[in-house]
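Throw the hints in and build the complete structure from the sequences for me.
Heads up: the sequence shown begins at 54 in the working numbering, then just goes up one per residue.
Calculated directly from the structure, the hints in this document are not laboratory data.
Possibly wrong hints are sitting among the right ones.
As the list claims (entries may be wrong) - List time: in silico PhoX-like cross-link candidates among lysine-lysine, alpha-carbon distance up to 25 Å:
(1) K379 to K452
(2) K368 to K395
(3) K368 to K287
(4) K424 to K398
(5) K362 to K350
(6) K280 to K326
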Amino acid sequence: NHAKAAEVPFIIAVNKMDKAQANPDYVKTQMAEIGITPVEWGGEYEFIHVSAHSGMGIDDLLDTILIQADLLELKANPDKQAKAVIVESALEKGRGPVSTAIVKDGTLKQGDTVVVGSNYGRIRAIINEHGQTIKTLLPGQPGQLLGLDGVTTPGDILITVENEKTAREYAEKRKEYMRQRELSRSTKASFDDLHDLVTEGMLKRLNVILKTDYQGTLEAIRASIEKLRNEEVKVNVVHSAVGEITESDVDLASATDNTVIFGFNVKATANVKEKAKHAGIEVRSYSVLYDMLDEIKAILGGILSPVSKDVAIGKAEVREMFSVPKIGVIAGCMVIDGVVTKDAKARIVRREEVIYEGEVESLKRFKDDVKEVKKGFDCGIGLKDFVDMVPGDTIEFFKTVMEKAKFAQ
54 NHAKAAEVPF IIAVNKMDKA QANPDYVKTQ MAEIGITPVE WGGEYEFIHV
104 SAHSGMGIDD LLDTILIQAD LLELKANPDK QAKAVIVESA LEKGRGPVST
154 AIVKDGTLKQ GDTVVVGSNY GRIRAIINEH GQTIKTLLPG QPGQLLGLDG
204 VTTPGDILIT VENEKTAREY AEKRKEYMRQ RELSRSTKAS FDDLHDLVTE
254 GMLKRLNVIL KTDYQGTLEA IRASIEKLRN EEVKVNVVHS AVGEITESDV
304 DLASATDNTV IFGFNVKATA NVKEKAKHAG IEVRSYSVLY DMLDEIKAIL
354 GGILSPVSKD VAIGKAEVRE MFSVPKIGVI AGCMVIDGVV TKDAKARIVR
404 REEVIYEGEV ESLKRFKDDV KEVKKGFDCG IGLKDFVDMV PGDTIEFFKT
454 VMEKAKFAQ
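Now the structure itself:
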């Protein structure tokens, strides 16, 4: 689900093939049921049979990775400044902060000054997977790095910079950014914030993680949720499973923008709730399906583009016509309902037929310009680019307002 959500290609390594009872076809059948079909069955996913214990199939796995890299034209330039990703980090006795990284681009050298998130430092030593101290790491190579000023976070990006001063400035800016993010919680959408996000046009789909108490319930609810779509919005179920809401669900929601976690007849522990709160992830539990669906529909309504609606505010009846020098034709009217205003739009109805719709050019009480006239008062009305009013016409005044659309399939 992580790989699908990130829209990245992946290869399936079927492990423990050294076992006498190994049944790779059973694994492939299970995977095919969730849409991951092997190439030999007409699908697009490579399944490689391996054994971590005996080493069986490891060469095939490596060859397949290289073939896929060639097909995808994945390339790196070893002559650039290094860029790497942190995969593990720890504070080790006698060595201090140790970060395990894989180089994505460029070449990382011993002595390079680097920035990793809010940490920085000068690479004092590089240790490879065999425990040997080496001088450089090339693209695709992993290594342990010593010399940073603190424990880094897995997933952080490491970059090399010109000098320690630059590294310190970058790290300080990052610390300030993280502090502000912690205060505002602005990087993840809470359940209530989704309405604000969608009105700004930031998303056109709602990502959902679904957990239920029984498999049959899960399948039925997922089917109901996935039907909630139209030509403009849809629900995207990132992950669904039977069981309690776990920390892994929160991790997946954190990795996927604008995601909410829904539980049906299952709850989250206090630890999971605390982690979700810290990450800014909204977790909701329900025992009634329609309550859950109504909540989702309300969010989808916010995702839809708002609709315009004409709201009537008043009516006036034309009693007689006047020609005013330097102004033009003015209709002498009586306000018969509501209020008429200068900033409203107007339409003329004659014998139940609309013959004009446009803007109000002038609104007068006697000789004075006014902004509004209430029911029961006389006034003079001039319309933009229209002078063919006759006594008996009704002028309807209205304002156009934008309303949140209601989700409809």
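Hint check:
Only pairs whose Cα atoms come within 25 Å are accepted, and K379 paired with K452 is rejected, the gap being roughly 29 Å. A hinted pair counts as satisfied when its Cα atoms are at most 25 Å apart, and K368 with K395 qualifies at roughly 13 Å. With a C-alpha separation of about 42 Å, the suggested pairing of K368 with K287 is violated against the 25 Å cut-off. Among the hinted pairs, K424 with K398 is consistent with the structure: their alpha-carbon atoms are about 13 Å apart, no more than 25 Å.
For the proposed pair K362 and K350, the alpha carbon gap of about 21 Å is at most 25 Å, so the pair holds. Taken as a hint, the K280 and K326 pair is broken in the structure, with Cα atoms around 29 Å apart against an allowance of 25 Å.
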